[in-house]
Amino acid sequence: GEDVEQSLFLSVREGDSSVINCTYTDSSSTYLYWYKQEPGAGLQLLTYIFSNMDMKQDQRLTVLLNKKDKHLSLRIADTQTGDSAIYFCAESLYNFNKFYFGSGTKLNVKP
Amino acid sequence: DAGVIQSPRHEVTEMGQEVTLRCKPISGHDYLFWYRQTMMRGLELLIYFNNNVPIDDSGMPEDRFSAKMPNASFSTLKIQPSEPRDSAVYFCASSGGQNEQFFGPGTRLTVL
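Protein chains in written order, with this note's numbering: chain A, 40 to 150; chain B, 862 to 973.
Take the hints with a grain of salt, since some may be wrong.
What the hints assert, rightly or not - Cut-off 30 Å, straight-line C-alpha distance, at most; resulting in silico cross-link-like pairs (DSS-like, lysine-lysine):
1. A:LYS75 / A:LYS95
2. B:LYS929 / B:LYS939
3. A:LYS137 / B:LYS929
4. B:LYS885 / A:LYS137
5. B:LYS885 / A:LYS75
6. B:LYS929 / A:LYS75
Claimed, not checked - Stretch by stretch, here's where chain A covers chain B in the computed footprint (C-beta under 8 Å, at least three residues):
7. 881-889
8. 899-907
9. 947-958
Claimed, not checked - The following label-pair restraints were derived from C-beta to C-beta distances:
10. A:ASP93 / B:PRO942: 47 to 55 Å
11. A:ASP93 / B:ASN932: 16 to 24 Å
12. B:HIS871 / A:ASN91: 42 to 50 Å
Hint data in this document are derived by calculation from the structure and do not stem from the laboratory. Glycine included, each C-beta is placed from N, C-alpha and C at the ideal position.
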């Protein structure tokens, strides 16, 4: 089956940039997503990228996709304490409605 | 719109009891998903529906789990009998077929 992998933890200082990485195995991915989960809440879509794109920028967020290496990253510029959360990478294949999620990366932002 | 609504938010029950989790998707969404989140296994898709019909239930762990969607605005996930290893956060999500799934706040289930 599809395998989406992420490192479990990342710790940064407030004001620094955070880079969260994700690898996936299925080359037929159509869309790749980043979701954010705050404590006690559900997942919220942050951004997504179509598989024929290399980069997408949205305010403080930059998504980079290396399709050859099947590697996706999320960069958060000027990280704030409010960015502390779990970040999930996900992919969808030809069937847009079935998502495969990674295990999530817990981002801790120290003041 | 109130978003995806799940109830209860927390459920504590004893092993062997029946547990029913409820979900109201966003109005107009024709896809509904049930996920389970645990520390050990992360976020797992259990089952999803399209137009109230189950499409893929390959993630349902065993026969103790069942899900129904009697109409477009309501779905249930039932565990009977429950076991301690079923303790997890259960999420419902809905989608209008576009590139986003909207998640509910989850139900935290504890089976003693």
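Verification of the hints:
1. A:LYS75 / A:LYS95: holds, 17 Å
2. B:LYS929 / B:LYS939: Holds: B:LYS929 and B:LYS939 sit about 8 Å apart, inside 30 Å.
3. A:LYS137 / B:LYS929: With a Cα-Cα distance of about 18 Å, the restraint between A:LYS137 and B:LYS929 holds, given a limit of 30 Å.
4. B:LYS885 / A:LYS137: holds, 19 Å
5. B:LYS885 / A:LYS75: Holds, at roughly 22 Å.
6. B:LYS929 / A:LYS75: The hint holds at about 28 Å.
7. 881-889: It is violated, with 0 qualifying residues against the three required.
8. 899-907: holds (count 3)
9. 947-958: holds (count 4)
10. A:ASP93 / B:PRO942: 47 to 55 Å: Since the Cβ atoms of A:ASP93 and B:PRO942 sit about 51 Å apart, the hinted range of 47 to 55 Å holds.
11. A:ASP93 / B:ASN932: 16 to 24 Å: At roughly 43 Å between Cβ atoms, B:ASN932 and A:ASP93 fall outside 16 to 24 Å, so the hint is violated.
12. B:HIS871 / A:ASN91: 42 to 50 Å: At 43 Å between Cβs, range holds.
Hints 7, 11, counting from the list given before, are not met by this structure.
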